[in-house]
Amino acid sequence: MPPTSDNPPDLADFIDRFTQAACAGPGRRLAEFFTDDGVYHDGFYGAFCGRAAIAAMIDDHFHAHSENLDWTYKDVCEGNGLAYGTYRFHYDSLLPKVHGTRITMEGMGRFRFRGGLIADYTEVFDVGIGLAQLGFPAERIARSLQKRAAKVMNGPIL
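Quick note on my numbering: the sequence shown kicks off at 2 and runs consecutively.
To be clear, the hints were calculated from the coordinates, so they are not data collected in a lab. Even glycine gets a Cβ: it sits at the ideal position worked out from N, Cα and C. Incorrect hints may appear among the rest.
Label-pair ranges, simulated between beta-carbon atoms [stated by the list, open to error]:
#: 1; residue 1: Asp93; residue 2: Asn155; range: 27 to 37 Å
#: 2; residue 1: Pro138; residue 2: Thr105; range: 16 to 26 Å
#: 3; residue 1: Thr105; residue 2: Ala150; range: 30 to 40 Å
#: 4; residue 1: Arg89; residue 2: Gly51; range: 23 to 33 Å
#: 5; residue 1: Gly129; residue 2: Asp7; range: 32 to 42 Å
#: 6; residue 1: Asn155; residue 2: Gly26; range: 30 to 40 Å
#: 7; residue 1: Pro138; residue 2: Gly117; range: 38 to 48 Å
#: 8; residue 1: Ala57; residue 2: Leu146; range: 19 to 29 Å
#: 9; residue 1: Arg111; residue 2: Ala150; range: 13 to 23 Å
#: 10; residue 1: Cys78; residue 2: Gly136; range: 33 to 43 Å
#: 11; residue 1: Asp43; residue 2: Asp17; range: 36 to 46 Å
#: 12; residue 1: Asn155; residue 2: Arg111; range: 17 to 27 Å
#: 13; residue 1: Pro10; residue 2: Glu140; range: 41 to 51 Å
Can you make the complete structure from the sequences, with help from the hints?
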């Protein structure tokens with residue numbers, strides 16, 4: 002299906018540049034892929050609205066807690082201002098208890114476009130797998146997943 006006027010003309014290239022910007026930093030590079038009021042819904046850190054907040058998330062969370070990031074999308078489908086794809090994301094943790102540990106997660110991302118830029122990005126992955134690799138105790142992982150389950154049961158559909 003050809004891209005709509007809201008989708009970038011070359012989606013594969015757009016997503017490659019998007020993931021490279023997130024992995025390389027600084028955050029302002031990634032923020033440029035979003036509309037002024039764009040939202041990035043991160044599976045660990047929550048929602049960040051606006052380019053300044055998205056840039057700060059990349060700088061203050063992604064790059065403050067990890068290094069050697071690698072993010073690859075595949076099986077991307079698009080249409081009507083939307084794109085979905087599966088991804089694998091790797092990084093080396095900078096957290097003290099697991100410093101240097103290679104973390105790997107797989108998930109799916111949804112892009113909502115407006116005028117060729119991202120108006121809303123949401124990712125879905127198994128947070129428990131990430132927390133387990135980061136050495137979180139089982140009780141803390143269970144509490145985190147219970148909170149997330151309550152949001153799924155009581156919140157709006159993504």
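Violated hints, by number in ascending order, as checked against the structure: 3, 11
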